[in-house]
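Undergrad: Sequence:
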Amino acid sequence: MSSTTRPKPARNTSGQNHRSTLSLQRTEVIINVYDLLPPGKVSTVLWAIGSSLLHSGVVIGDREYAYGGHDRRGLTGVYWTKPAQEPPGGTFKQSILHGFSFRPVEELDAIIHEASEEFQGTSYNLLTKNCNHFTSYLCEKLTGRPAPGWINRAASIGVALPCVVPREWIAPPDYDTADGELLDEDFDERTSMLRHGEQPGRYRSASEEAERQDARGSGSSSRKHGPRLVNLKETDSSGHKIPAAERAPLPKNLI
1 MSSTTRPKPA RNTSGQNHRS TLSLQRTEVI INVYDLLPPG KVSTVLWAIG SSLLHSGVVI
61 GDREYAYGGH DRRGLTGVYW TKPAQEPPGG TFKQSILHGF SFRPVEELDA IIHEASEEFQ
121 GTSYNLLTKN CNHFTSYLCE KLTGRPAPGW INRAASIGVA LPCVVPREWI APPDYDTADG
181 ELLDEDFDER TSMLRHGEQP GRYRSASEEA ERQDARGSGS SSRKHGPRLV NLKETDSSGH
241 KIPAAERAPL PKNLI
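Quick note on numbering: UniProt numbering labels position 121 of the sequence shown as 121, and the sequence is numbered without any gaps.
By construction, these hints were calculated from the structure, which means they are not laboratory data. Careful: at least some of the hints might be erroneous.
[Claimed, not checked] For each label pair, taking beta carbons as the anchor points, the in silico distance ranges come out as:
id: 1; residue 1: 102; residue 2: 238; range: 24 to 30 Å
id: 2; residue 1: 145; residue 2: 50; range: 14 to 20 Å
id: 3; residue 1: 94; residue 2: 157; range: 34 to 40 Å
id: 4; residue 1: 105; residue 2: 150; range: 29 to 35 Å
id: 5; residue 1: 61; residue 2: 145; range: 38 to 44 Å
id: 6; residue 1: 157; residue 2: 104; range: 20 to 26 Å
id: 7; residue 1: 50; residue 2: 241; range: 20 to 26 Å
id: 8; residue 1: 44; residue 2: 106; range: 42 to 48 Å
id: 9; residue 1: 103; residue 2: 159; range: 30 to 36 Å
id: 10; residue 1: 106; residue 2: 51; range: 16 to 22 Å
[As the list claims (entries may be wrong)] EDC-like mimics (lysine to aspartate or glutamate), calculated; alpha carbons at most 16 Å apart, straight line:
id: 11; residue 1: 82; residue 2: 181
id: 12; residue 1: 141; residue 2: 107
id: 13; residue 1: 82; residue 2: 62
id: 14; residue 1: 141; residue 2: 106
id: 15; residue 1: 241; residue 2: 71
id: 16; residue 1: 141; residue 2: 109
id: 17; residue 1: 141; residue 2: 71
id: 18; residue 1: 141; residue 2: 181
id: 19; residue 1: 82; residue 2: 106
id: 20; residue 1: 41; residue 2: 71
Ideal Cβ positions, reconstructed from N, Cα and C, are used throughout, including at glycine.
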């Protein structure tokens, strides 16, 4: 009498893959958009037709990353602020949920650090390497898709027809620089943190960073977290004047 062998059930690989995907950290990648033109009829019309002069940043966790120009060689122009903090002379317009990144925190940190190396402060150019180029670069690294083209349409028009870029688009307002913290400083802080046994890993909000700084040694001098008004080089690599919202904050030790 021959015995029959019951076939083994097929593995549910699709279900396992689905559970594996869910186990990864899902991080929202949000683009915040700001209008750099003064409020009025002109800015309203340009916004409606998708040709405004815009500033943008990428929100990951509790930080908004952006890019600006300065004149310190060898120093990144990438900095972070709390999300939706309006840059000098800018008006918040909208947030766009661009997509999701399924990466551990360590990989996110590595991608952001790589972007900070690519976007140096002295490389800033209003028409060819501005904050919106950075936003698109970082979004593509995180989600596989660049930022919407309309965010940088004004710069695209300027590259094709430099003479049509309005003077008021590139004239700086009365502020000197954006508020925030350069990524190089933040990277150095995290390295120091590891040396002193603090727990790395999650993104901290600007308020948490402030509390952490205040909690550190009473003998060290602390800086109030207000706007950083410092004098910076006012022109980019092509001689265009840089709007205040596009000027990166200088390192703390230079202020």
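Undergrad: Now tell me, hint by hint, if it's right for this structure.
TA: Comparing the hints with the structure gives:
Checked against the hint of 24 to 30 Å, the pair residue 102 and residue 238 fails, with Cβ atoms roughly 38 Å apart. A hinted range of 14 to 20 Å holds for the C-beta pair residue 145 and residue 50, which are about 19 Å apart. With their beta carbons about 21 Å apart, residue 94 and residue 157 fall outside the hinted range of 34 to 40 Å. Judged by the Cβ atoms, the range 29 to 35 Å given for residue 105 and residue 150 holds: they are separated by roughly 31 Å.
For residue 61 paired with residue 145, a C-beta distance near 19 Å fails the hint of 38 to 44 Å. Checking the proposed 20 to 26 Å range against residue 157 and residue 104 shows it is violated: the Cβ atoms sit about 40 Å from each other. A beta carbon spacing of about 24 Å between residue 50 and residue 241 agrees with the range 20 to 26 Å that was offered as a hint. For residue 44 and residue 106, the hinted distance range of 42 to 48 Å is satisfied, since their beta carbons lie about 44 Å from each other.
Residue 103 and residue 159 have their C-beta atoms about 32 Å apart, which keeps the hinted 30 to 36 Å range intact. A hinted range of 16 to 22 Å is violated for the C-beta pair residue 106 and residue 51, which are about 40 Å apart. This hinted pair checks out: residue 82 and residue 181 have alpha carbons roughly 10 Å apart, not beyond 16 Å. Of the pairs offered as hints, the one joining residue 141 and residue 107 holds, with about 11 Å between alpha carbons and a cut-off of 16 Å not exceeded.
Annotation: proposed proximity of residue 82 to residue 62 holds, straight-line Cα distance about 7 Å (limit 16 Å). For the suggested pair residue 141 and residue 106, the alpha carbons sit about 14 Å apart, so the restraint of at most 16 Å is met. Of the pairs offered as hints, the one joining residue 241 and residue 71 holds, with about 13 Å between alpha carbons and a cut-off of 16 Å not exceeded. Simply put, residue 141 and residue 109 have alpha-carbon atoms about 12 Å apart, close enough for the 16 Å limit, and the pair holds.
Restraint check: the Cα-Cα separation between residue 141 and residue 71 comes to about 27 Å, which exceeds 16 Å; the hinted pair is violated. Straight-line distance between C-alpha atoms of residue 141 and residue 181 comes to about 22 Å, which puts the hinted pair past the 16 Å bound. Only pairs whose Cα atoms come within 16 Å are accepted, and residue 82 paired with residue 106 is rejected, the gap being roughly 21 Å. With a C-alpha separation of about 35 Å, the suggested pair residue 41 and residue 71 falls outside the 16 Å cut-off, and the hint is violated.
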